[in-house]
Amino acid sequence: MVKSQAVPLAVVITFLILVPATYYMGLVKKAQAAPLVILVAFSLFVYITYYISKRGKDWYIRPIEALTIIDEGIGRAAEMGKPVLTTPGMGGLSGAVTLAGLSITGEVIQRTAELGVRSVNITDSAQTMMVLEAIVRNAYSTAGRSDLYQPGRYVQWTGGEQFAYATYMMGSILTEKPATIIFVGSFLSDIMMSAETGKRVGAIEIGGTLDTTALSTMAMICDSILVGEEIYAAAAVITKDKQLSGSVAGQDWALLVTLVLLVVGMVASLVGVKDIINLLKM
Amino acid sequence: MAYAIEAIRTHLTRVIIAICALTTLISYLFVAQPATDVFTELQKQNTNIGTFALFTGFIVIIMRFVQKIMKKEEDWQFCIYAFAIMALWIPLGVYVGQSSAEYVKAFYSTKVALHAAAIGLLIFFNLSAVYRVFRMKDFRTAILPITAAILVATNSPWAQSLFPGINTAGMWLIDNLQMPGARTITIVAAIGGLALGVRILLGLERGALRAVKPVESTGGEN
Chain A
1 MVKSQAVPLA VVITFLILVP ATYYMGLVKK AQAAPLVILV AFSLFVYITY
51 YISKRGKDWY IRPIEALTII DEGIGRAAEM GKPVLTTPGM GGLSGAVTLA
101 GLSITGEVIQ RTAELGVRSV NITDSAQTMM VLEAIVRNAY STAGRSDLYQ
151 PGRYVQWTGG EQFAYATYMM GSILTEKPAT IIFVGSFLSD IMMSAETGKR
201 VGAIEIGGTL DTTALSTMAM ICDSILVGEE IYAAAAVITK DKQLSGSVAG
251 QDWALLVTLV LLVVGMVASL VGVKDIINLL KM
Chain B
1 MAYAIEAIRT HLTRVIIAIC ALTTLISYLF VAQPATDVFT ELQKQNTNIG
51 TFALFTGFIV IIMRFVQKIM KKEEDWQFCI YAFAIMALWI PLGVYVGQSS
101 AEYVKAFYST KVALHAAAIG LLIFFNLSAV YRVFRMKDFR TAILPITAAI
151 LVATNSPWAQ SLFPGINTAG MWLIDNLQMP GARTITIVAA IGGLALGVRI
201 LLGLERGALR AVKPVESTGG EN
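Going down the list, the sequences are from chains A and B. Take the first sequence: its letter number 62 is residue 62 in this note's numbering, and every next letter is one higher. Take the second sequence: its letter number 127 is residue 127 in this note's numbering, and every next letter is one higher.
Isolated chain A (complex conformation) (with noise of 0.2 Å):
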């Protein structure tokens, strides 16, 4: 038991130890202090909770309603005979979320080649199209259904403008007629053109996005979304991978230290106390 923690504590004494030592030591850039206090905190938290989870716990992860109808979706596909569409967004490979969406679909992807219903998935970007290609390739790989994977098929490009882009995504969700429709990755108000299209053709459809202007217009449209950090867990719950899980549970103690800094600094705020505010400043 003592063997079992003490990588963890290891790691936490290191950290405590270090993170100090450099700041007195003038090692740490002034006014970057808070943030690498709160990047080593959390940091540790996803990190700790992985390795109890590696250690045999099972954590309770809240059920995210549009990955389950993630799953209604695509079993939806199969019965109707129609296919999912999946897309990343608009984008190269450099923005969080496009990875994000990558690994959302890479999941999809897989459940999709299981059953074996057809993707459509669709990128505006060369390079994300290659990455995706590479995903197909793997998601078939690994449900069984090599057989089935022909490259350039489930792939599609749609030209590197952002209406180039809109303007194929309609076409190429009026000509599929896909049952299911997932947009998670960057978009901006060309979700407005492809989301409603979709919802013309009767397509179950699920967002997210880190855009608040093209999420209250997923909000709006789609059947269900995915909100903040729901997008980075995605691919965790969808798996229902232990660690995997274990990391997300980390990721909601975080949620849970920055609600509570939320509400102490505002009480503190408003009877004038602005300690909190100048100590996040540092």
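Hints in this document: simulated from the structure, not taken from any laboratory. The reader is advised that the hints may include incorrect statements.
Here are the computed lysine-lysine pairs in the DSS-like style, where the Cα-Cα straight-line distance is at most 27 Å [to be verified]:
1. B:Lys137 x A:Lys82
2. A:Lys177 x B:Lys72
3. B:Lys68 x A:Lys82
4. A:Lys177 x B:Lys68
5. A:Lys29 x B:Lys44
6. A:Lys54 x A:Lys240
7. A:Lys281 x A:Lys30
8. A:Lys29 x A:Lys281
9. A:Lys57 x A:Lys240
10. A:Lys199 x A:Lys177
11. A:Lys82 x A:Lys177
12. A:Lys82 x B:Lys71
13. A:Lys82 x A:Lys199
14. A:Lys54 x A:Lys242
15. A:Lys177 x B:Lys71
16. A:Lys29 x A:Lys274
17. A:Lys199 x B:Lys72
18. B:Lys111 x B:Lys68
19. A:Lys274 x A:Lys57
20. A:Lys274 x A:Lys30
On the provided structure of chain A, position chain B as indicated by the hints.
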């Protein structure tokens, strides 16, 4: 050989990610000139790799278009159209110059006109979405359209002249309801991004380059 490839795909990728992530973090958080130098160099390499990936992607697209035309697959005519457009625009940009009068005229006559048409389409889709969503059945469903109407009026000069106080109400909604919501999403997304980073470093996230163990194939596709 297969083991070596699997090891490269899993461990090498993780090592590269770890080096890049740590260098970026150290140069952002600490006073460390060597880390900043490495970070600057990595940024240059990132641009190089990005350009290379883009170029590779371009070649893949050309190959796929050629294949489509040769096999006369569905909508192969569009690929010919794409090639014709490329044949027109690439020499125009390279030889005539992007700031030349010819290029600017061609740009405004085609791309800008098409963009304007697409933005015009947005109005139609906006209206169709609003028609479906903003249906007032009870108090709860009435909140959204009423709030939206106030915000629309805030942005309309004619509405402001009819209802002089509407601007204050609209700005109150933006400052007190919309802003905290947007900030909450930004904060929780940042925490999610941080957790994603830790998961990638721990090798928990399944990406395109992660090695997978295929299983036996069964059945067909609908």
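Cross-check of the supplied hints:
1. B:Lys137 x A:Lys82: Distance of about 34 Å is beyond 27 Å: violated.
2. A:Lys177 x B:Lys72: It holds: about 23 Å lies between the C-alpha atoms, which stays within 27 Å.
3. B:Lys68 x A:Lys82: Within the cut-off at roughly 23 Å; holds.
4. A:Lys177 x B:Lys68: holds (22 Å)
5. A:Lys29 x B:Lys44: holds (24 Å)
6. A:Lys54 x A:Lys240: Within the cut-off at roughly 14 Å; holds.
7. A:Lys281 x A:Lys30: holds (9 Å)
8. A:Lys29 x A:Lys281: Holds. Lys29 of chain A to Lys281 of chain A sits at ~12 Å (cutoff 27 Å).
9. A:Lys57 x A:Lys240: At roughly 13 Å apart (the allowed maximum being 27 Å), Lys240 of chain A and Lys57 of chain A satisfy the hint.
10. A:Lys199 x A:Lys177: holds (10 Å)
11. A:Lys82 x A:Lys177: holds (7 Å)
12. A:Lys82 x B:Lys71: holds (25 Å)
13. A:Lys82 x A:Lys199: holds (15 Å)
14. A:Lys54 x A:Lys242: Distance of about 7 Å is within 27 Å: holds.
15. A:Lys177 x B:Lys71: Roughly 25 Å separates the two Cα atoms, so the pair holds.
16. A:Lys29 x A:Lys274: Given pair Lys29 of chain A, Lys274 of chain A holds - Cα atoms ~22 Å apart, limit 27 Å.
17. A:Lys199 x B:Lys72: Not OK: Lys199 of chain A and Lys72 of chain B at ~32 Å, beyond 27 Å, violated.
18. B:Lys111 x B:Lys68: holds (26 Å)
19. A:Lys274 x A:Lys57: The given pair, whose Cα atoms are some 40 Å apart, is violated under the 27 Å limit.
20. A:Lys274 x A:Lys30: Between Lys274 of chain A and Lys30 of chain A the Cα gap is close to 19 Å, so the pair holds against 27 Å.
Violated hints, listed in ascending order, are 1, 17 and 19; each of the other numbered hints is respected by the structure.
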